[in-house]
Amino acid sequence: DDLRTLERELLVDISRTLQVRLGVGIGEKRGSATGVDPVAYEYYLRGLSYWTNRRGNAERFGALAAFERASVIDPAFANAWAAIGVVGAHSAGSPLAMDRVAFVARTEQAFATALSLEPNNLMAHQGLAVWHSSQNIDLDAARTHLQAAQSAAANSLDTHYAAFFHYSLIGDVQRALYH
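Numbering (my numbering), first residue to last: 32 to 210.
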C-alpha cells in the first residue's frame with residue numbers, strides 16, 4: 032500500500048509539473064517565456080507549482096519566495112509581479128499578512144508593477160478583481176479589473192473564479208453561480 036501511494040503521488044507530481052511546463056491544465060496561467068530571463072522563468076514555474084499544490088503555509092511561503100526571486104532576477108517579468116500580487120490577494124488570513132501594512136503595500140506594489148510593465152496582464156487583472164472584492168474593498172475597481180480579465184480570457188478558470196468570488200461577495204447569487 033505504501034509503495035502504491037508513493038507511486039501515485041509521484042505520478043501526480045510529474046503530471047502537474049508537465050502541465051505547468053506545457054501551459055495546459057493547471058499551467059494555463061504560466062505566462063510566456065518570450066524575452067524573460069530563463070532562470071527567472073524557472074523560479075516563476077517553481078512558484079506556480081508551489082501555489083497550485085498549496086496545502087498549507089509552507090507552499091504559500093514557497094510560492095511567494097519563488098515569485099519574488101523571479102522578479103529580482105528579471106524585474107521586467109510582469110507575470111512574476113502579478114503572481115506576487117495574487118499570493119497577497121489570497122493570503123489575508125495567513126501568516127504572510129501578520130504585518131498588515133507591509134502585506135498590503137507589497138501586494139499593491141506588485142500589482143502596480145505588473146500593470147505598469149504590461150497593462151493588459153491577465154493574471155494581474157484576475158488578482159486585482161479578487162483583491163478589490165475582498166481585501167481593499169473597492170467594488171468599482173473590482174468590477175473594472177474583472178471586466179478586463181473577462182475581455183482578455185473569458186473562459187479562463189481564474190477569470191471564472193474571480194467572477195464567482197466577486198459576485199458572491201456582493202450578493203449576486205445568480206451571477207456567482209453562473210461562473
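No lab work stands behind these hints, which were simulated from the structure alone. Glycine residues also receive a C-beta, built at the ideal position from the N, C-alpha and C atoms. A couple of the hints might just be wrong.
Quick list of the computed label-pair ranges, beta carbon to beta carbon [unchecked claim]:
id: 1; residue 1: P106; residue 2: N167; range: 48 to 54 Å
id: 2; residue 1: A183; residue 2: R206; range: 31 to 37 Å
id: 3; residue 1: A107; residue 2: A207; range: 34 to 40 Å
id: 4; residue 1: D32; residue 2: I201; range: 46 to 52 Å
id: 5; residue 1: Q205; residue 2: V132; range: 21 to 27 Å
id: 6; residue 1: Q140; residue 2: I168; range: 32 to 38 Å
id: 7; residue 1: D171; residue 2: A136; range: 19 to 25 Å
id: 8; residue 1: S147; residue 2: Y209; range: 18 to 24 Å
id: 9; residue 1: A143; residue 2: S165; range: 28 to 34 Å
id: 10; residue 1: N84; residue 2: A136; range: 26 to 32 Å
We went through each hint and held it up to the structure:
For the pair P106 and N167, the beta carbons lie near 24 Å from each other, so the given range of 48 to 54 Å is not met. Taking the beta carbon of each, A183 and R206 are about 19 Å apart, not inside 31 to 37 Å as hinted. The supplied range of 34 to 40 Å is met by A107 and A207, whose beta-carbon atoms lie about 36 Å from each other. Between D32 and I201 the C-beta distance comes to about 47 Å, which sits within the given range of 46 to 52 Å.
Between Q205 and V132 the Cβ separation comes to about 37 Å, which falls outside the hinted range of 21 to 27 Å. Evaluation of the 32 to 38 Å hint for Q140 and I168 yields a failure: the beta carbon distance comes to about 19 Å. Checking the proposed 19 to 25 Å range against D171 and A136 shows it holds: the Cβ atoms sit about 22 Å from each other. For S147 paired with Y209, a C-beta distance near 33 Å fails the hint of 18 to 24 Å.
Separated by about 18 Å at the C-beta atoms, A143 and S165 break the suggested range of 28 to 34 Å. For N84 and A136, the hinted distance range of 26 to 32 Å is satisfied, since their beta carbons lie about 28 Å from each other.
Checked against the numbered hints given earlier, the structure breaks hints 1, 2, 5, 6, 8, 9 and satisfies all the rest.
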